[in-house]
Amino acid sequence: MSEARIGSERIVEVCDGNKAVAYGALLCRPDVVAVYPITPQSAVGEWLCRFHDEGLLEAEVVRVEGENSSMGVCCSASLLGGRVFTATSSWGLLFMYDGLLYASGYRIPVVMTNANRETPGIFTIGNSSQDMMSVRDAGWVQLNVESCQEILDSVIMAYRIAEDPAILLPVMVCYDGFYLSYRKEPVEIPSQKEVDSFLAPLERSKRRILSPEDPMIFGIPSFFPRDEGEGCTEFRYKHSAALERVKTKVEEVDQDFGRTFGRSYGGQLEGYRTDDAEIVLVATGSCVGTAKVVVDQRREEGLKVGLIKLRLFRPFPREKLIQVLQGKRAIGVIDRSVCFGWHCGHLYMELQAALARGGLAGIPTLDFIAGLANLDITEEQIGRAIELTAKVARGEEVQEVSWLSLE
Amino acid sequence: MRFRSQYENAWYKAGPVLGKPVGDWRYQRPVIKGDKCCRCGWCYLICPTGCIRSENGRFVINLDYCKGCGICARECPVSAIAMVPEEVE
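Going down the list, the sequences are from chains A and B.
Numbering (our numbering) for the first sequence: 1 to 407.
Numbering (our numbering) for the second sequence: 1 to 89.
Source of the hints: derived by calculation from the structure; they are not laboratory data.
It should be emphasised that the depicted structure is a prediction, and the values quoted were computed from it without experimental measurement.
There's no promise every hint is true.
20 angstroms max Cα-Cα, derived SDA-like pairs, lysine to any residue [said to hold, decoys possible]:
1) Lys13(B) with Met216(A)
2) Lys391(A) with Gly302(A)
3) Lys67(B) with Val22(B)
4) Lys33(B) with Met1(B)
5) Lys13(B) with Arg226(A)
6) Lys391(A) with Leu375(A)
7) Lys13(B) with Val401(A)
8) Lys391(A) with Val401(A)
9) Lys13(B) with Leu80(A)
10) Lys13(B) with Glu380(A)
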């Protein structure tokens, strides 16, 4: 009996995040799939191989000897016009770092999922955002999601962003390893027909591809001494400008997804009870669910607290953040990674830059580091973060960065 | 802002580069000694630039594209290729 349950109707299946990834990829009909296994992502490749074996996935499944090769295979196949998919995590993500730069620099619309996990240095097979944050300057679009349903939906949306002729950038859909990769919850699997029509606007053939009839070289050839440098500068500019366009594209695609499938996620970010909030927490990933519960509890106690779920991490949605955070009395950031050299978390560091640029540098802001290496981000910790943020809003002295797990 | 490429992708027409002669990079040139050559075709196979071709049963080197690396001379099983220094004009 087939393990895959896609068909002409929407079906709800209780499945984990890794299978949701595989369903998402399967429904987008990739031409080439190259996935190398790594905990906690291995099941993604296993499911895709099974779908392939059952004849559901009509793709070239390439068995690679490592992640560096999987990104190489995907880049090459995509340059020749194929739709490609790969998935990785942690060590694997770092092993393909040069490949990540090729994909974004040459504007190759690879779609990849990353099961967030700690990075080398201190051996641990546990979740944190450290890996996705370590590649934040690779020029990719990075989404970080909250639930298994959002994983599946975001993979589908990712192709609409990546392959859009106005964007042409690789997209990484990040989801917390362990917390989402192995968490089972009801996931609605769209019908193949719906996904086909959602992706139809891409008209693959319109994307510029490589062909032997019209040979190309990478970069700008050095006919004259300045060509190479100016050519590189030109393509860096175009790449950076395209990332800026991603912000509105993510909103458009999310709204279109909502119209088609009845689910949308706020685009770049979701403001949860932020409208009348005086203090706001900023968080991303699987801990957002817990944070919403705690926000609800504090609301019942009369505290005007809200939450921003940051969905798009690259490009950083600074304009929308400023819009939501305007007039707030204090901000608390939940960070699941460490930004070396700044002695705080990555989200905090990025948010500080956004606030300063948006003229909101005066709002007191605190950072809370928690949940590294598979430590739970608990209701108590989020409660503590809200408590301290409320305290700083009242004008009291509070330590800027708190490592909640060490308190 | 002025751009050289009308495209987003960081690729450029390869045509002008593909045909560009590189013979002037060379400081020594391979010379095949006709009487010694056993016509095995090994030089044709191993030349990194692919500038050796077979013509009427003999092997000829296109010096427009030979960079003078000397691999053919080193690899020739019957030592039929000599590397001769280019004259400085």
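Here's how the hints hold up against the structure:
1. Distance hint between Lys13(B) and Met216(A) is fulfilled; the C-alpha atoms sit about 5 angstroms from each other, no more than 20 angstroms.
2. Our distance criterion of 20 angstroms between C-alpha atoms is met by Lys391(A) and Gly302(A), whose separation comes to about 15 angstroms.
3. As the CA atoms of Lys67(B) and Val22(B) are separated by approximately 6 angstroms, the hinted pair is consistent with the 20 angstroms bound.
4. Of the pairs offered as hints, the one joining Lys33(B) and Met1(B) is violated, with about 58 angstroms between alpha carbons and a cut-off of 20 angstroms exceeded.
5. Proximity of Lys13(B) to Arg226(A) is assessed by CA-CA distance (about 17 angstroms); at most 20 angstroms being required, the pair is judged to hold.
6. Proposed proximity of Lys391(A) and Leu375(A) is contradicted: the alpha carbons are some 26 angstroms apart, above 20 angstroms.
7. Of the supplied pair hints, the one linking Lys13(B) and Val401(A) is violated, its CA atoms being roughly 52 angstroms apart against a limit of 20 angstroms.
8. Simply put, Lys391(A) and Val401(A) have alpha-carbon atoms about 14 angstroms apart, close enough for the 20 angstroms limit, and the pair holds.
9. A C-alpha spacing of about 16 angstroms is found between Lys13(B) and Leu80(A), which places the hinted pair at or below 20 angstroms, so the restraint holds.
10. For the proposed pair Lys13(B) and Glu380(A), the alpha carbon gap of about 60 angstroms is over 20 angstroms, so the pair is violated.
The structure does not agree with the numbered hints 4, 6, 7 and 10 stated previously, though it agrees with the rest.
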